[in-house]
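Asker: Each chain, letter by letter, is given below.
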Amino acid sequence: DVKVTQSSRYLVKRTGEKVFLECVQDMDHENMFWYRQDPGLGLRLIYFSYDVKMKEKGDIPEGYSVSREKKERFSLILESASTNQTSMYLCASSQQGARETQYFGPGTRLLVL
Amino acid sequence: RKEVEQDPGPFNVPEGATVAFNCTYSNSASQSFFWYRQDCRKEPKLLMSVYSSGNEDGRFTAQLNRASQYISLLIRDSKLSDSATYLCVVTSYQLIWGAGTKLIIKP
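Chains A and B supply the protein sequences, listed in that same order.
Throughout the first sequence, residue numbering follows our numbering, covering 7 to 119 in sequence.
Throughout the second sequence, residue numbering follows our numbering, covering 572 to 678 in sequence.
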């Protein structure tokens, strides 16, 4: 059974803080994704990675960076958190060649004050 | 116009009824189509793929209409446990997610 875990379910941070969101998958998947989900907007892709140390910008990368030093771990970094980054952050993974079949973590609900 | 559009609902449906909702897409070159289900405060999970010939999985039927550029999901004999938000995903060069249709099954 595929398992994707995220480091926190809920986070409260202050404007300007550096925020790290961690995601780990245990199925040896090549692809990993970071999304944010906001009411009425659906899932929006922030960054994805198809291999270790590889990353590609998604639709809304501004204000975010990522790191993938190991295959199973994909980190999302908010360099200087802002209130408009308050959202639900979802990590997902998929096998190479099957990007549409994504397995999601439980999500991190981030509140930036 | 959004690339993928869904009626946000909610669709309030009595238990046992049949319900259907659509997802329209704007890119005629879209290649693959999927339905995901997201329970309240949970992560999305793949429900089913949508094939050109349509496909059925138990009480769920998914269909694709390329001419009119939409996919549909039909749920028969709805159960209380079907209450969720249903997200469509359309792929061409990239995956595009719909914002979801909320379904509430009432006893």
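Treat the hints as calculated values from the structure; they're not laboratory data.
Treat the numbers as computed from the prediction; the structure is a model and nothing was measured.
Even for Gly, the Cβ is constructed at its ideal location relative to N, Cα and C.
Incorrect hints may have been included.
DSSO-like, lysine-lysine: derived pairs with alpha carbons at most 30 Å apart [to be verified]: (1) A/LYS9 to A/LYS59; (2) B/LYS613 to A/LYS77; (3) B/LYS677 to A/LYS61; (4) A/LYS24 to B/LYS613.
Beta-carbon label-pair distances, calculated as ranges [what the hints assert, rightly or not]: (5) A/ARG15 to B/PRO581: 41 to 51 Å; (6) B/CYS611 to A/GLY69: 40 to 50 Å; (7) A/GLU75 to B/THR589: 42 to 52 Å; (8) A/SER73 to B/GLU627: 21 to 31 Å; (9) B/ASP648 to A/PRO45: 42 to 52 Å; (10) B/PRO585 to A/GLU23: 42 to 52 Å; (11) B/ASN583 to A/GLU75: 29 to 39 Å.
Asker: Which numbered conditions among the earlier hints are violated in the structure presented, ordered from lowest to highest?
Answerer: Hints 3, 5, 6, 8, 9, 11 contradicted; others consistent.
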